[in-house]
Amino acid sequence: MNKTKRYIFLSLLTAAALILSIIESMIPLPYIAPGAKLGLSNIVILSAVVVFGLRDALLIVILRSVLFMMIATNPITFIYSVSSGIVSTLVMYLGCKYLSSKLSLIGISVIGAMAHNATQVTVAAILFETLKLYYYLPILSLISIFTGCFVGYTSILITDNLEKTLLKLN
Amino acid sequence: MKKKINKYDIGLIIAIVIINVFFIWYSGRSAVKLNDKVAYIYSDNQLVKEYVLTDDVKDEYTVKTETGGYNTLHIEDGQIWIHDASCPDKVCIYQGKISRDGEIIVCLPNRMLIKIVDYSEDDEVDFIN
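Protein sequences appear in the order of chains G and L.
The numbering used here puts the first residue of the first sequence at 1, with every later residue one more than the last.
The numbering used here puts the first residue of the second sequence at 1, with every later residue one more than the last.
In short, the hints are calculated from the structure, not lab data.
A few of these clues could be false.
[Said to hold, decoys possible] Subject to a maximum C-alpha distance of 16 angstroms in a straight line, what follows is the list of computed EDC-like cross-link-like pairs (lysine to aspartate or glutamate):
1) L:58 - L:76
2) G:132 - L:36
3) L:4 - G:160
4) L:97 - L:66
5) G:5 - G:56
6) G:3 - G:56
7) L:97 - L:44
8) L:115 - L:56
9) L:97 - L:60
10) L:90 - L:77
11) L:3 - G:56
12) L:115 - L:101
13) L:3 - G:163
14) L:64 - L:44
15) G:132 - L:44
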């Protein structure tokens, strides 16, 4: 794939991740624990990790967070989303590299969701200077198993189609 | 890359569920919950003991000082009080039973302080969603 096509694909994926983030912020959810959300944009990021690799996925994560901050949220939320996004992308990349003989994308997505939660709670604990926030981590992890399974299953479907499309382009 | 969910995925998910349920159960019975009432006991400006004040906690504890003084506290029914002390004036005993947020018992001769913090009343953590 030449450079221009790659850039076009990356910007499309960034736009998709951004739109999913915005839609997600509009969906009302029952209040279970602070910070619990669907993580729809992880579908795009996990697919990018599989199809394009770590560097491009990190680029999408950072661009998504910056744009989402400018459109919908504030710099504090940006700190949470960019740090947990980067860590979960790294973890999902390592999962794809070393565990893909055993786990499907569903398992990798669940691991990524765990890393996302752990980072988010850690950042919050640093910002609020209280370790008590770790009390929320098990609850958040249990919720994120469901969303992680959903994200993983969707990513399986997307990566299938995306790889076929990319083959046609070449 | 595997295309379908397999036994390793299910094993991973079950393991994570078990670990998290264990942590929820563990934090529910031992750690300080966000809606708990906690008594902190200081001796000579240092935290020596903390009690989560629930109705089923019943205990006795003696705070000793380096100079040989002591205060014996009693915890029962979510209340904490001092029923014996080495100091001459017994002011700490006359301060009675405390159970509410912000209440304190002080013993000046033995440099001992008990204070109660109720985490269900003050929202010290604000979240931005």
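- Message: Would the hint linking residue 115 of chain L and residue 56 of chain L be met if the CA-CA limit is 16 angstroms?
- Response: It is violated: about 19 angstroms lies between the C-alpha atoms, which goes past 16 angstroms.
- Query: Are the Cα positions of residue 3 of chain L and residue 163 of chain G separated by 16 angstroms at most?
  - Reply: holds (13 angstroms)
- Between residue 4 of chain L and residue 160 of chain G, does the CA-CA distance stay at or below 16 angstroms? holds (12 angstroms)
- Quickly compare the C-alpha distance for residue 97 of chain L and residue 66 of chain L to 16 angstroms and report which way the hint goes. Between residue 97 of chain L and residue 66 of chain L the Cα gap is close to 26 angstroms, so the pair fails against 16 angstroms, i.e. violated.
- Holds or violated: are the alpha carbons of residue 132 of chain G and residue 36 of chain L at most 16 angstroms from each other? holds (12 angstroms)
- Pair hint outcome, residue 64 of chain L versus residue 44 of chain L [Cα-Cα no greater than 16 angstroms]: holds (10 angstroms)
- Mind checking the alpha carbons of residue 132 of chain G and residue 44 of chain L for me, to see if they're no more than 16 angstroms apart? With a Cα-Cα distance of about 26 angstroms, the restraint between residue 132 of chain G and residue 44 of chain L is violated, given a limit of 16 angstroms.
- Query: Is residue 58 of chain L close enough to residue 76 of chain L, meaning Cα to Cα at most 16 angstroms?
  - Reply: Given pair residue 58 of chain L, residue 76 of chain L holds - Cα atoms ~5 angstroms apart, limit 16 angstroms.
- Message: Given the hinted pair residue 90 of chain L and residue 77 of chain L, is their Cα-Cα distance within 16 angstroms?
- Response: Since the Cα atoms of residue 90 of chain L and residue 77 of chain L sit roughly 23 angstroms apart, the hinted pair is violated (cutoff 16 angstroms).
- Message: For a C-alpha distance cap of 16 angstroms, please report whether residue 3 of chain L and residue 56 of chain G respect it.
- Response: Since the Cα atoms of residue 3 of chain L and residue 56 of chain G sit roughly 23 angstroms apart, the hinted pair is violated (cutoff 16 angstroms).
- Message: Would the hint linking residue 3 of chain G and residue 56 of chain G be met if the CA-CA limit is 16 angstroms?
- Response: holds (12 angstroms)
- Task: Would you check the hint for residue 115 of chain L and residue 101 of chain L, treating anything up to 16 angstroms between C-alpha atoms as holding?
- Result: holds (8 angstroms)
The structure is inconsistent with the numbered hints 4, 7, 8, 10, 11 and 15, although it conforms to all the rest.
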